[in-house]
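Work out the full structure, taking the sequences as your base and the hints as a guide.
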Amino acid sequence: MRDEYDIEKLNPRKNPYSNRLKKQITINIDSSTIEYFKGQSESSGIPYQTLINLYLTDCASKGRKLKLSWE
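Final position of the sequence shown in this note's numbering is 94; the numbers increase by one with none missing.
None of these hints come from the bench; they were simulated from the model.
It should be emphasised that the depicted structure is a prediction, and the values quoted were computed from it without experimental measurement.
The C-beta atom is built at its ideal place from N, Cα and C for all residues, glycine as well.
Honestly, I wouldn't trust all of these hints.
In the SDA-like style, the derived pairs of lysine to any residue whose C-alpha atoms are separated by at most 20 Å in a straight line are [what the hints assert, rightly or not]: (1) Lys46 with Thr73; (2) Lys46 with Ala83; (3) Lys46 with Cys82.
Okay, the calculated beta carbon distance ranges per label pair [said to hold, decoys possible]: (4) Arg87 with Tyr28: 45 to 51 Å; (5) Thr49 with Leu89: 20 to 26 Å; (6) Pro35 with Leu79: 28 to 34 Å; (7) Asp29 with Ser55: 54 to 60 Å; (8) Ile69 with Asn38: 32 to 38 Å; (9) Tyr78 with Met24: 44 to 50 Å; (10) Gln63 with Gly86: 22 to 28 Å; (11) Asn51 with Tyr28: 45 to 51 Å; (12) Gly68 with Arg43: 18 to 24 Å; (13) Asn51 with Ser84: 32 to 38 Å; (14) Asp81 with Leu33: 35 to 41 Å; (15) Ser66 with Arg43: 24 to 30 Å; (16) Thr49 with Arg25: 42 to 48 Å; (17) Leu33 with Gly86: 36 to 42 Å.
In C-alpha coordinates, the structure reads:
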(Lines of atoms letter the chains of each structure in order from A; the text may use other names.)
(Lines give C-alpha, C1' and ligand atoms only; values in the text may rest on other atoms or scores of the structure.)
Protein backbone atom coordinates (compact mmCIF):
# COMPACT_ATOMS: atom_id res chain seq x y z
CA MET A 24 0.00 0.00 0.00
CA ARG A 25 1.27 3.46 -0.81
CA ASP A 26 1.94 6.10 1.80
CA GLU A 27 0.16 8.70 -0.33
CA TYR A 28 -2.23 8.65 -3.26
CA ASP A 29 -2.63 11.32 -5.92
CA ILE A 30 -6.35 12.05 -5.87
CA GLU A 31 -6.10 14.02 -9.12
CA LYS A 32 -5.12 10.86 -11.02
CA LEU A 33 -8.04 8.78 -9.80
CA ASN A 34 -10.83 8.04 -12.25
CA PRO A 35 -13.97 9.25 -10.47
CA ARG A 36 -17.05 7.40 -11.65
CA LYS A 37 -20.63 8.15 -10.86
CA ASN A 38 -22.32 5.46 -8.78
CA PRO A 39 -24.51 3.55 -11.29
CA TYR A 40 -26.98 2.70 -8.51
CA SER A 41 -27.36 6.23 -7.12
CA ASN A 42 -30.72 6.70 -8.81
CA ARG A 43 -32.01 3.55 -7.07
CA LEU A 44 -31.02 4.41 -3.50
CA LYS A 45 -33.63 3.43 -0.96
CA LYS A 46 -34.96 5.53 1.87
CA GLN A 47 -36.26 4.03 5.08
CA ILE A 48 -39.76 5.19 6.02
CA THR A 49 -42.47 4.21 8.43
CA ILE A 50 -45.76 3.14 6.87
CA ASN A 51 -48.91 1.58 8.32
CA ILE A 52 -50.04 -1.46 6.34
CA ASP A 53 -52.97 -3.73 7.21
CA SER A 54 -51.90 -7.04 8.72
CA SER A 55 -53.86 -8.94 6.04
CA THR A 56 -51.86 -7.15 3.35
CA ILE A 57 -48.59 -8.02 5.07
CA GLU A 58 -49.68 -11.65 5.38
CA TYR A 59 -50.52 -11.70 1.67
CA PHE A 60 -47.03 -10.51 0.73
CA LYS A 61 -45.44 -12.89 3.24
CA GLY A 62 -47.28 -15.74 1.53
CA GLN A 63 -46.04 -14.53 -1.85
CA SER A 64 -42.58 -14.32 -0.33
CA GLU A 65 -42.61 -17.97 0.73
CA SER A 66 -43.61 -19.17 -2.73
CA SER A 67 -41.21 -16.90 -4.63
CA GLY A 68 -38.24 -16.91 -2.26
CA ILE A 69 -38.06 -13.10 -2.36
CA PRO A 70 -38.29 -11.18 0.96
CA TYR A 71 -41.75 -9.69 1.47
CA GLN A 72 -40.47 -6.14 1.87
CA THR A 73 -38.70 -6.47 -1.47
CA LEU A 74 -41.94 -7.72 -3.04
CA ILE A 75 -43.86 -4.73 -1.69
CA ASN A 76 -41.17 -2.41 -3.04
CA LEU A 77 -41.24 -4.13 -6.45
CA TYR A 78 -45.03 -3.81 -6.61
CA LEU A 79 -45.02 -0.14 -5.67
CA THR A 80 -42.16 0.56 -8.09
CA ASP A 81 -44.14 -1.11 -10.88
CA CYS A 82 -47.20 1.00 -10.08
CA ALA A 83 -45.15 4.21 -10.03
CA SER A 84 -43.26 3.43 -13.25
CA LYS A 85 -46.50 2.69 -15.11
CA GLY A 86 -48.21 5.78 -13.69
CA ARG A 87 -51.12 3.80 -12.30
CA LYS A 88 -53.86 5.86 -10.70
CA LEU A 89 -56.11 4.78 -7.85
CA LYS A 90 -59.77 4.32 -8.64
CA LEU A 91 -61.66 4.92 -5.41
CA SER A 92 -65.41 4.94 -5.04
CA TRP A 93 -67.17 6.09 -1.86
CA GLU A 94 -70.72 4.88 -1.53
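Now for the hints, and whether the structure bears them out:
1. Taken as a hint, the Lys46 and Thr73 pair is honoured in the structure, with Cα atoms around 13 Å apart against an allowance of 20 Å.
2. In summary, the hint linking Lys46 to Ala83 is supported, as the alpha carbons are separated by about 16 Å, within the 20 Å threshold.
3. Simply put, Lys46 and Cys82 have alpha-carbon atoms about 18 Å apart, close enough for the 20 Å limit, and the pair holds.
4. Distance hint check for Arg87 and Tyr28: the Cβ-Cβ separation is about 49 Å, which falls inside the suggested range of 45 to 51 Å.
5. About 21 Å separates the C-beta atoms of Thr49 and Leu89, a value consistent with the hinted range of 20 to 26 Å.
6. The hinted window of 28 to 34 Å between Pro35 and Leu79 holds, with their beta carbons roughly 33 Å apart.
7. Distance hint for Asp29 and Ser55: a CB-CB separation of about 59 Å, consistent with the stated range 54 to 60 Å.
8. In this structure, Ile69 and Asn38 break the distance hint of 32 to 38 Å, their C-beta atoms being roughly 24 Å apart.
9. Distance hint check: the CB atoms of Tyr78 and Met24 are about 46 Å apart, consistent with the given range 44 to 50 Å.
10. As the Cβ distance of Gln63 to Gly86 is approximately 23 Å, the hint placing it in 22 to 28 Å holds.
11. Checked against the hint of 45 to 51 Å, the C-beta distance between Asn51 and Tyr28 comes to roughly 48 Å, which is consistent with it.
12. Taking 18 to 24 Å as the suggested C-beta distance range, the pair Gly68 and Arg43 conforms, at roughly 21 Å.
13. Distance hint check: the CB atoms of Asn51 and Ser84 are about 24 Å apart, inconsistent with the given range 32 to 38 Å.
14. Distance hint for Asp81 and Leu33: a CB-CB separation of about 38 Å, consistent with the stated range 35 to 41 Å.
15. For Ser66 and Arg43, the Cβ-Cβ distance of about 25 Å falls inside the hinted range of 24 to 30 Å, so the restraint holds.
16. Here the CB-CB span from Thr49 to Arg25 is close to 45 Å, well matched to the stated 42 to 48 Å.
17. Taking 36 to 42 Å as the suggested C-beta distance range, the pair Leu33 and Gly86 conforms, at roughly 40 Å.
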